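Following the hints, position chain Z against chain F.
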Amino acid sequence: MDASGPYDPTLDYPEGPAIAEIAGGGDIKPWRPLHVTRRNFLRGVVCSGIVIGGSSYLFSAATPARADARGVERMMSLTVNGKTRHVDVAPNETLGYTVRYRLGLTGTKIGCNQAECGACTVMADGRTIYSCSTLTHRMRGKDIVTVEGIAAADGTLHPVQQAFIDELAPQCGFCTPGQVVAGVALLNANPNPTEEEARVAMSGNLCRCGAYEHYLRGVMKAAREV
Amino acid sequence: MAYRLIGNDFTPPDIEAKVTGSAKYAEDFRADGMVHVKVFGSPMPHAKVKSIDADEAMKIPGFVALLLPDEVKQPDVTGFPILTSEPKYHGQPIVAVAAETEQAAADTVAALKVDLEMLPFVVDPLDSLRQGGANALEGGNVSGRGVDFQELKWTGKDFAAAAENELPRGAAPIEWSFGDIDAGFAEAAVIVEDSFVHATNSHHAMEPRSAAAFWENGKCHVWGSTQSTSFAQPGLARMIGIELKDLVFVAEYCGGGFGGKATSYPLMALPALMSKKLGGRPCHLRVSRFEEYANGMARSGFQGWTRLGFASDGRITAADIFVVQDLGPTTGFPDFNNVGNAFSVVFQPPNMRFRAVPVLTNTVPKGPQRGPGENQTANMFEPLIDKAARELGIDRIAMREVNAPGNGGVGAKIGAKQGPLTSAFLKEALTQGAETFGWAERSANSGMRKGPKARGYGVASAYHSAGSSGFDGLVRITPDGTLHVHTGVGNLGTYSYGSTSRVAAEVLGYDWDHVVIERGGTARHIPFNLGQFGSNTSFTMARTNYVAAMDAKAKLLEIAASSHGGDPDDYDISDERIVRKSDMGVVMTFAEAAQMAVDMGDKYAGHVLPDDIHEMTRTSAMAIAGTGLVGVAKDTLPKDGTAPALTASFVEVDVDVETGSVEILDFLTVSDCGIVNHPTGLAAQSRGGAVMGFGLALTERHIYDPAYGIPNAASFYHGKPLSYLDVPLNTQWGAVNQPDPQNPMGIRGVGEPLQGSASAALLCAISDALGGHLFNRIPVVTDMIVNAAAGQPQSHKPLATNTV
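Going down the list, the sequences are from chains F and Z. With positions in the first sequence counted from 1, the corresponding number in the working numbering is that position plus 88. With positions in the second sequence counted from 1, the corresponding number in the working numbering is that position plus 104.
Same shape as in the complex, but just chain F (with noise of 0.2 Å):
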């Protein structure tokens, strides 16, 4: 067993009101981490949600992971849509709770929570990546850009958002800001995608409402203006 000493989750939040009147208080007795193996980190990543089905119950599904934390530097600087800001990053953090817990950028969706989906989509160096699977320690020096850095200073919307509108392609939305920030990389590195090429590029982001060839005509279609 590692023996670094116990992970004090309260620094993971700014604090609250305080919550001894509410918890009743009492004496403090630190845990230890559990054993840092690939499992128990993959279970220890903040808001994993990831299931370990199995033939027992001894890795229930139902039962969360605990957190595995090491003495890694929490503070760092982070560039999120063209801003850079000192952030207070846990080190099992991952960069979409980052974005949405801590910057308050709540345009980045977390569907899954375990890099199935896509909803989580960001751009880091103007590749797409799963922020959702992506620790944000791992993002030091990179160039962040979220759904909500999409649109132009003044309001105007990118190509992709408008085509979007006009195609009627979100439906409940909720996947809306991955397919954007999908559909806008895709342009960037290439401004003139094939159908096909453009599909193969969005097929990272599940959309249940099925709307797939509505978001495509939207991507061809801000192909022909950007």
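The set of hints was computed from the structure by calculation and includes no laboratory data.
Quick look at which bits of chain Z chain F covers, simulated, 3 or more residues with Cβ under 8 Å: (1) 128 to 136; (2) 350 to 359; (3) 792 to 799; (4) 829 to 841.
Simulated pairs of lysine to aspartate or glutamate, DMTMM-like, Cα-Cα distance not exceeding 25 Å: (5) Z:LYS824 <-> F:GLU283; (6) Z:LYS554 <-> F:GLU284; (7) F:LYS309 <-> Z:ASP113; (8) F:LYS171 <-> Z:GLU120; (9) Z:LYS824 <-> F:GLU285; (10) F:LYS309 <-> Z:ASP770; (11) Z:LYS128 <-> F:ASP254; (12) F:LYS309 <-> Z:ASP118; (13) F:LYS171 <-> Z:ASP132; (14) Z:LYS380 <-> Z:ASP350; (15) F:LYS309 <-> Z:ASP830; (16) Z:LYS824 <-> Z:ASP809; (17) Z:LYS557 <-> F:GLU283; (18) Z:LYS128 <-> F:GLU204; (19) Z:LYS128 <-> F:ASP242; (20) Z:LYS257 <-> Z:GLU242; (21) Z:LYS521 <-> Z:ASP286; (22) Z:LYS743 <-> Z:ASP716; (23) Z:LYS128 <-> F:GLU236; (24) F:LYS309 <-> Z:GLU120; (25) Z:LYS824 <-> F:GLU284; (26) Z:LYS557 <-> F:GLU284; (27) Z:LYS824 <-> F:GLU204.
Chain Z regions said to be covered by chain F (calculated; three or more residues, Cβ under 8 Å): (28) 309 to 322; (29) 815 to 825.
For clarity, every value in this text was computed on a predicted model and none was experimentally measured. Glycine included, C-beta positions come from ideal geometry on N, C-alpha and C.
Coordinates of chain Z only, in the frame set by chain F:
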């Protein structure tokens, strides 16, 4: 008549927020001092809590509070509790915790010691019906809407009487019939008899059902994810234990529901109850993907049997149907009822018997999913129609046309009581679709081989009821001349909150730029509307907005008469003005009339309200009283039949017999949904419904470990919704565009059968590519195709469900 708005596209006012990320879903709520809530879910499929030891958990730094099962209201044995001390499925919440951070909440849950006593469990309904089979709940294994909770075991003789691949048929608590099925089978030229299995599948809404709440000044504020802004509120208030007037509800966006968020649900109430315990402190529940799978409901699966008789011209002479529904661990949803109704509408049998057994299982709770029962009906029966067509040598389109309700629904009937339909043009949809698709020419290529790929074509129909009556409308013209349409329709993504609001604008002759839609929560003073589910919104809320607008129009004319003399009938409206009929001279603008309404008070400004409106509508109308001319009314327009949503779909596929992969090459759905109100909206729903249907046909199913009752297909990857790479592009859609006579604008909705007819047409196309091979098992996954093509036995046990 020609409409200015109805039948034309518009830009929904909420859509820009969706593409910029500024749309706020329930999980986007933040507040100072907010604590995070998480739940301890049962690790067993059925158990009893012996003890809960929270000593260590409460020492976790950041721990704030626990909420235990005995601190929340408990429903009857077949109900859906918020927290329970007798979990009936894997993942069911037992204890909720609150902590300063989400990590601390997760750590607290992990440190809880919950001692559970394992109870017998069952994941396959047929296992529970056997003598000595486990009951999903203590004391019984059968329930359902209209069915008393009871223990039902079939006899050994019942099971022995069935052949290996045949569904045993013992006692059934649901049975109805009409006509004379024996006589019907006696006159049949061909009889088809088969058993089948339809899997359970997850809703897989992209947005898990997160929620947040706080209390202030005696009112409970809740951010929830629901399809139905006003219809969800009474149930939510009951779960929280408050009066409706004390609920402040925000539900501006819903990240996918598909029936799974049709109204309120237990997890939506949890943050409110935790917040109450914490003196009102804001509580935030972020639901994980697994928790959404476990608690987000699922479509019921079926095991079934049928015997269908056909005359030589393809007309159905008799239908005998028996289904066992996998109900999950609660009363679930009566999909079984809808199987009988849907079959009776789509195929109009003259003689029919329907039997059903809804069986409780220790699986994910079941709820309505897009076409609940109706879409399984299409999937289960359409391939059998093809089988009969082949035996009779009749074209598959003609086979359906001869049975389908058409000609406006003359003589068409539904269900056990053989009630009327308001309108029906399914036959016309089939004919129109076959022509557009080029069925006659293309289907000549059925079975054509190119290497390992075999070409197939499929056609199928589907139905869902599509409208109700008796709900309220509320509109307001403010003294600046703006029309405010207050709507309680949710924002599921169909934009029908907007398209139905346009009905009020159409009635009042408004320019759309002068209309504001008030929606998204109690603060917008919304009327009591039916939920946004069941394909009903277009029909139902076109009526409510119509009656409210007509009330406003009547008041406008009365104001003109009181101001300028004469009778209200002497006046009319035109271009947002009141004019004198005799010379079309302008009497006053709507803005001036609205100011006069404010000055006159009384009913004109909403101070005096109709007696028959709902409490919610009354509260909302009173809140806006005095701010303009208020139009408010309950929909009492005539409705004396079932409004049907009907679709016909056409699919072309290539099936690779070596890999089992299915490539969908082309697709078309033609809808019978009355007058098309929002064309691009219908296009989006036609395509989106098909994508969802293709997943239902090919990949989506629940799988449980039978030894432990643990779900093994809880993620997107394991019950896979289709992606960009799985579906065709440049697909077609159409509509017969015939008005429904019982809607003032001729409008009907069509959300649900768009999925069912597409999935069933795909299943038929796969069978067609394989020379008519019937799988009688949905979904048709790749290994089933490979086995069938190779003439090998399938790996699944006959009739087994919730397994591979």
